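Visitor: Residues per chain are reported as follows:
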Amino acid sequence: MRSVDELVLPEALGYTENHEWARKDGSEVVAGITDYAQEELGDIVYAELPEIGQSFEKGAEFGTVESVKAVAELYMPVAGEITGINQELENRPDLVNEDPYGRGWLVTIKPADPGEIQSLMDKTAYYELLKGL
Amino acid sequence: MRYLPHTDSDIAAMLKAIGVDSTDDLFANIPEAARSSREMDLPPAMSEWEMRAYMERLAAESPDHKIFLGAGKYDHYIPATVTNLLERSELLTSYTPYQPEVSQGTLQAVYEYQTLTARLLGLEISNASMYDGASALAESLLMATRIRKKSKGKIVLSSLIHPSYCQVVKTYFRPTPFEITFLPVLADGRTDVSALADMGDVVAVAVQSPNFLGCVEDLAGFGDLVTQTKAIFVTCFTEPLAYGLYQPPGGQGADIACGEGGSLGLPPGYGGPGLGMLATKMDYVRRMPGRVVGKTTDANGKDGFVLTLATREQHIRRARATSNICTNSNFCAIAAAVYMACLGKTGFRELARLNYDKTEYLKQQLRRAGMTLPFGAPTFNEFVVKLPPDFKRKYADLAASGGIVAGLPLADWYPELADHYLLCVTEKITRADMDQLVKEVSE
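Note that the protein sequences, when read in sequence, are chains A and B. If you count the first sequence from 1, position 89 lands on 89 in the numbering used here, and the numbers rise without skipping. If you count the second sequence from 1, position 427 lands on 1427 in the numbering used here, and the numbers rise without skipping.
Hints should not be assumed to be uniformly reliable.
Quick list of in silico lysine to any residue cross-link-like pairs, SDA-like style, CA-CA up to 25 Å [claimed, not checked]: (1) B:Lys1392 - B:Thr1346; (2) A:Lys69 - B:Lys1152; (3) B:Lys1439 - A:Pro50; (4) B:Lys1230 - A:Gly84; (5) B:Lys1281 - B:Tyr1395; (6) B:Lys1152 - A:Thr64; (7) A:Lys110 - A:Lys69; (8) A:Lys69 - B:Tyr1284; (9) B:Lys1170 - B:Leu1196.
It should be emphasised that the hints constitute simulated quantities derived from the structure, not laboratory data. None of the values given here were measured: they were computed from a predicted structure.
With the hints as extra help, turn the sequences into a complete structure.
Guide: Dropping the structure here:
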């Protein structure tokens, strides 16, 4: 297990208490789980993602990731409609472990309020949260 | 299993350790209204030899009747090889282990059961089994709601699913917002699926084949219609031997096939034990209730067996578990696996054929004797016959002293079917038995 200081926490992302990250990409938001989350879960074997077109409130459960030892719920970092899901994960769920902020992304969201992403924790706040765990 | 007696002083010591005055205090958080204040109505305790004599008397009462009764439990012959193998202690005392991987033999036996079940039902994957056919159906319908991610909508059942199974389904769904509706019956003894076209919001459709009247449903036709509604197609059975002769549900559009496996090497007993079978498509494996044994390779590259997808189960996922099934009918499942393996594909088919042919013989003889067989659809080893109204009295006499159980009177289940009897013919029934039955009903 790596220490908090060894975890990768990119600058330009918003973070949630449930260990999701969100990044603005044009008018959309890309979301995934953090390096800490994938490390805690261990080898991820399955990602259950929502249907495109489904809408969720901020904090609502939109899917699950299953590792060899646990199933974890995924919560929306911002409210909005699902516009895309990472199809590649169907055959390569391990990408969530390998590249949690890149090829291991989970969904794209059309946010109900484009400004909501600003309310998420920044890298420093999330780092402090992890330190306190 | 170890016998652990509790003496009064043992109990007193335990109560003291946890700081409680009496055993009754342990139940204090159960509301008064939910508790019984009556003494239990039990016969006086017996000595060991009295108990033995009592059990022997009961065993001697086992009827030597000719049983024409099916309706969910089928009196099939259990080959001596099956009984003999099952008496091996490692099979007889098996249980789904809580530290599963140390019990490779048990896991392999369950894995074989799953493989045989999936092949029998024509689907990709089976679970490790459940309690009985009725709970397997109810669990399959809950599974359908998970697949379709619905929290309300219609659950549509054929009226010709075993009435007890329907009762269990209703019980399971009582606390949910789902609405249970029934499809009517056609004149030929099959389910009228046409009403489905006018129904909206259908989450799952379930049909039993052969159905409760013994008629084989047009599963493929049913499946086509269900697919158009985007509902999950659940097929159910009480007599899996039928699939030795008729197309299995998997090839006919079933998303989930489930039912009672008692016919596969388990005695009818006094109604049990049961074996809940469930098979489905690989796409739905994560929505499937119950345990699953998987095959893998260990660190040395050797084959091994594991409990797989256990992360869905209660001991890991608690309230969010896929289902509340956390065990299986292991001994019954192993019995079914041994039975299916002993018969083999050819033997299974031959046995099914034998059941069918004998049943057709009885149908023919009853028709010749002037009896009405009201339903025209094809049957397997059960069918409905209408007998003269005065047969009702004779039915009881035959069962009490004539050595014949002349099927199931259907009026109790379907009031419109007064004087109709559901007859079943397994391989254990001889031509002479059938001729005698025909004679009795004709007199």
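Visitor: Hint by hint, work out which the structure violates, then give me just those numbers in ascending order.
Guide: Structure breaks hints 1, 2, 3, 5, 7.
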